[in-house]
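*Asks:* All chains should be built: construct the whole structure from the sequences, respecting the hints.
Chains as they are written, first to last, in my numbering: chain A, 3 to 751; chain B, 257 to 849.
Don't take every hint at face value.
[As the list claims (entries may be wrong)] Stretch-level coverage of chain A by chain B, calculated; a stretch enters the list once three of its residues show a Cβ under 8 Å from a Cβ in chain B:
| no. | segment |
| --- | --- |
| 1 | 113 to 123 |
| 2 | 463 to 475 |
[Said to hold, decoys possible] Pairs of lysine-lysine, BS3-like flavour, derived with a Cα cap of 30 Å:
| no. | chain 1 | residue 1 | chain 2 | residue 2 |
| --- | --- | --- | --- | --- |
| 3 | A | Lys410 | B | Lys620 |
| 4 | B | Lys707 | A | Lys254 |
| 5 | B | Lys667 | B | Lys647 |
| 6 | A | Lys572 | B | Lys620 |
| 7 | B | Lys667 | A | Lys636 |
| 8 | A | Lys239 | B | Lys567 |
| 9 | B | Lys466 | B | Lys444 |
| 10 | B | Lys620 | A | Lys636 |
| 11 | A | Lys572 | B | Lys647 |
| 12 | A | Lys239 | A | Lys282 |
| 13 | B | Lys444 | B | Lys567 |
| 14 | A | Lys449 | A | Lys410 |
| 15 | A | Lys282 | B | Lys620 |
| 16 | A | Lys449 | B | Lys647 |
| 17 | A | Lys282 | A | Lys410 |
| 18 | A | Lys254 | B | Lys466 |
| 19 | B | Lys707 | B | Lys667 |
| 20 | B | Lys647 | A | Lys636 |
It is worth saying that the hints were derived from the structure and are not from the lab.
The model shown is predicted, which means the values in this text are computed figures rather than measured ones.
Here a beta-carbon is modelled for each residue, glycine too, at the ideal position from N, C-alpha and C.
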Amino acid sequence: MDIWEWVYQTCDDLREAGHERLAFIVDELPGLICGDQQLEAEALIPEGLALARSIDHPWLEVYLRHWLAQSRVVRRRDVTGGLEELIHLLDFAHGERTAACPQSVCVTQDVCIAYGAVDGPGYAEERLAASAETIERIDVTWPCFQCISAEHAAALLDAGLYQDAESYCRTQLEKASTAGQGTLWQVKWHLVDALARQGRHEEALALLDPEGCRGMDEEESRRHSLHHARELAVAGKLDEAVSIQMQPLGLKPSEYILWLRAEIAFCERVPERNDFQLGKTLRRLFTTLRDHGALYEQAEIGMAAAKLALARGSSVVATMYWEEVEAVVPRLRRPQRIIEELETQRRSLAPKAAAPMAESSLIDALTDNPERNLELLQQATTEAASSEAILLARCEAYREAGFSNRAKSELEEFVARYPESVPALDQLLRVLLAAVDEAAMRSLVQKIDEARRPRALFYQARLYQGQRRWQEAAAALEVARRLEPDVPVLASELAVVYRHLERYEEALTILDELVASEPEAGDVDWERMVVATALGRFDEVRHSARRLEFDFAGEGPIDQPYAYCDILLKDAAGREVPHRAERISPVVARILQMQAPAVPSVFRDEILFDPVSLNPPPEQGSDERPILRFRPIKQLRAGGYRVYDIDGVHPGDESVEGLRAALRELGVVLSIRSSEEYQIEVDPEQEPVRGLYAFLAVPGEVTSAEVLACVQSCTTNWLGPMTYRGLLKELGMAEQLARQEQWADQVQL
Amino acid sequence: MTASLQKTKVDFAGLMRVLGEALYSTPQVAIRELVQNAHDSCTRRSLEAPDSFEPAIEVTATPGTLTITDNGAGLTAEEIHSYLATVGAGYTRTLREKGAEGLIGYFGLGFLSAFAVSERVEVWTCSYQTPEVAHRFVSRSGETYTVERAEPRPIGTQLRLILRPAFPELGDAQVVLSRLQRYCCLLKYPVSLNGGTPVNIAGAPWRQPKQTSPLRLRTLSLEFARRFERVFQPIATAPVASPDNALSGLLWIQDGGSYATSDNRNISVFVRGMLIGEDERDLLPRWAGFIGGVIESNVLQPTASRESLRKDEMYQSTATALRECLIRALFDLAEQEPATWRRVLLRHNEALLGAALVDEELFKLVGDDVTVPTTEGDFTLPALLDRCEGKIYVTQSDRAGVESILLRALKLPVVLGTRYAAAPFCTRYTSSRRGQLVLLGTQGGDQTLFKPADLGEAQCESLRAWFAMPDRQVLVRRFDPAFLPFALVVDRDVELKRSLDSDEADRRIGQAVLGLARQFTKKIAADASVRMYVNAANPVVLALFDLSERQRSRALALLKPLATLTSGAQGEHDIEGAMTAFGDSLLNVLKEG
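*Replies:* This is how it looks when you write it as structure tokens:
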């Protein structure tokens, strides 16, 4: 059965039945996945699945989940959760309602490929059996013929049966050719590999005729280029090879090994290509495969990375790779090739006979190449090797070379052995904080001696603050403060955390003490103004304000507008929306911006805000003074306004001012929202007229009836109609409301 | 056989037909090609004889004829033979090879388009080099032509096409005007139709003097964008500029909501002032489905038909430059025009959600501001983290599992992972910023929701015994809301193991692949298929310890059927049996008082 025919027909059927979105997803997926847009595709699949399930279409579910596997497992080599999902899919795809779905065949194939991704050689026999079994279910005219043949050939190669792979590929290509199916490139590339593994590179290269790749899609062209680059490099045609070798940044995990093999061929001929940058790239590829659970390919890249590191004199890096690969070996089913390579590489490492160097000489000799530094630091004398400066330099080099875990473990070891080393402890704490390694941080806090525990607790609190876990942050800082009562930073940090917990009294007590002990005004005063304002303790606010050289006369709440600012209030979805406000004290702003009637009014609300400006720092030399932007802490006082709108024909500026004045008498504020561009087509035969759209902010004590009366009396004699539907609706004046609605519809307000 | 050098034969008529008719997608392209020749002729004259010369191109469209007149360099008799009548040999290329700038033509093929649409082509021309002599060129097919001396005329060229009946639109002033307005609006020299005002735009924003005020530039940019954006209103614009001035132009954000993978990208590309491509969307990142733009470049290379661009290295570097301009513009917009930025976020939330997944820079910009759909409405991730104490709960099922029911009871929003990009975005956010992702329906999710109970082992053992039922693993945990005595969760892995390990699987699945699948199920423990979490925070559960054995057994008889009823939409359940058992137990309680 032609799967694509089924897909096209299904899409047509879906569209006809009104399932346009599902049809779009079904149609779009293969293109996205083969077009190197795996993340976009995977973002669509859950939606597609939900839609397929909602119309009870199990075949489509198989299709969508198969393509998810194609993206996640086949291309991204992510078998961490991908394998589990695939086994569930295998069960589902062979159920009563799905067994006849043509993509059930593909699912068995996906399972084989997934095991190939986990441990290709390890599962080679099972993959061979499974693909042989599957191919019996189809014939050469099925599109799957190519994929299954390619998987069978891949398994033969993984099993080291290169001649068998060659003859199998030739047979399958012949079958396709006889049936007029065109070139099965996926099989042909495996033939190229089979020849290359037998050392028959000339034959391999001859198969990669660039003319042959005409009409290939992007993914196929990439694969072709990767094979071609390798064989050209082996043939010594380096310029040509380099020109088609792909940039490593754009590689997807399923291409890593191919790219690596080409790169190895380059480095064998041009040793300068084997530099630290290549080492960094390989580290990235290795960690990606490690995180994705692709065991064998991870080990293969690890061994290649180690070999290349050795070739450029980086024995430390090679050794670290060996250790990492050794940890993978027990999880491989047939690791013999890897073990042999490990032994070969280990044997090749010649002992170094460089003279030991003292700490200062080593530090002076450090370069900007971390691999070189790691080699150099190995030369440390016994005394220097245990020095703090050498440790820090080594950890820095580990991190830069992509071995952060190694840096962490050495720092942990060092701190355990030399607990008095504050720089090492600080470094370790920073590493843990950056990695948000909560468990390691907790363990360190427990293990560290009491003298240094406050330092660890401070970082632990920082970690919790970053997660907005204020209770836990407060608990950590409280313990720290009990151990070190006289450290100001612990106190000020705790005050901030208390403020977040709205424990204002406790925060203020701490801040008062800090201010009393600190002659110079600073951040503590700002924080104190915030907390004291929240508590209504305006003497303390004024005291800190004076220290900061603000002068607010009088007593009680400060209400002296002195600048505009923007307060980032959150909308219903949690987005921060700037609201123009006037700053009436250093830490309080009154909102000036009116909201549309549908939104709860914050007009004239008074907001306590965090006085740390969110504006980016001004450019150097710029004398621009932007409106400062702040995050709110809490609402101190509600403005108590509600907002209505009026909409209709502009009566002229004088009349508008008349309405404004009349409303002002009531305490109602008019805010015009429309510009001169707002036009209303009252009569299609006539030119459009200028429109007026405005908000009325009404204080709580004024009734809607009073406002309506005022509006009606002012607008009665206006030239054109004016609507105030919100007011009418609220007052239940249905008849008048209907008339206004009708007119609004007519002129399309 | 002896090798000999042979000359290839050319079927000229056939070649002309192919080139003339197949090279271009639409006959209207002839307008562009011929105006371009006229413009290049003016450029040539301004380079070679710049004195007292005001370049102008006049197009006249009348039914059945199209005339293009310029006061450019004109052609001598020799040049008519060398360039006009020789396919692929334009003087423009010769000039460009000498280093002249501002020339549009390249291939010397543009004149062919005249034959593709005309029954007869007539050219009157007078070269600035021989101003006293004019010539008339006439050809029917392009295959043969005549040249004769003509009446003296001003320097320049007039090209008159007697149109084929198949192309009446080329004589329609409205059609020609609309094409001129698109193709020629950025040309240097004025182009007008039937004596009207020139179609050239004075206000291309990137050509404005440096001292233009930002407000004026903004207005001009929006006006310019409106002219090119056919479907949507532009909300905001952003300049395109490269440090080497090889690229300039304008991008804009479309109004009108985009949905997830909507692709309304459009980019018009002008090369040396002439519109080459109107839909070069691949120059924009795939995620930018809500962006339109016009760019002008002197490094992009048109294809021979000049209707699209060669996808070469320059194309790629232009695409990279445009992505950078776009990202920078979005950052600037967010910073400088918060109200407009908010509109962009509201209109294009889903597109940005997907975009943030694939573009690191964009994730930085919108990560905190895009919303994901939840059971309680749409929320940003920071808002969700605040509401759920640092956790993001995600369900990947379209049916509410028991975990979703618990969270709903607590009024905690659960992200609907079945909606576009929601689950991957949450994963990305929590792994790179903050918060804990809790995938409902997984063991990890269960561990987060169902916390260890603060009961002694003996009490836990008692509860396990009291609630024991077939195929049910009883786990004593503490969870919210406390009013729920228990929650039941189906273990999908155990179900899978049973299914694949059964004999029935051997019948429906191939043996070899089943063998592989069983490698996986081998690692799954053969537990009960349902996990029953008994809530150690529930007052009824705690009260069980204080009851007499008889009371407890009656209480359990009431509680156990509830377990079946509350197990949610997870598989088939014997609701009837549960209701009967519950009713019987209740009756017993009522009877016995």
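*Asks:* It remains to establish, for every hint, whether it holds in the given structure.
*Replies:* Hint check:
| no. | hint | in the structure |
| --- | --- | --- |
| 1 | 113 to 123 | holds (count 3) |
| 2 | 463 to 475 | holds (count 4) |
| 3 | Lys410(A) x Lys620(B) | holds (27 Å) |
| 4 | Lys707(B) x Lys254(A) | violated (39 Å) |
| 5 | Lys667(B) x Lys647(B) | holds (14 Å) |
| 6 | Lys572(A) x Lys620(B) | holds (19 Å) |
| 7 | Lys667(B) x Lys636(A) | holds (23 Å) |
| 8 | Lys239(A) x Lys567(B) | holds (25 Å) |
| 9 | Lys466(B) x Lys444(B) | holds (19 Å) |
| 10 | Lys620(B) x Lys636(A) | holds (27 Å) |
| 11 | Lys572(A) x Lys647(B) | holds (19 Å) |
| 12 | Lys239(A) x Lys282(A) | holds (26 Å) |
| 13 | Lys444(B) x Lys567(B) | holds (27 Å) |
| 14 | Lys449(A) x Lys410(A) | holds (16 Å) |
| 15 | Lys282(A) x Lys620(B) | holds (24 Å) |
| 16 | Lys449(A) x Lys647(B) | holds (28 Å) |
| 17 | Lys282(A) x Lys410(A) | holds (19 Å) |
| 18 | Lys254(A) x Lys466(B) | violated (45 Å) |
| 19 | Lys707(B) x Lys667(B) | holds (19 Å) |
| 20 | Lys647(B) x Lys636(A) | holds (23 Å) |
Of the numbered hints listed earlier, those contradicted by the structure are 4 and 18.
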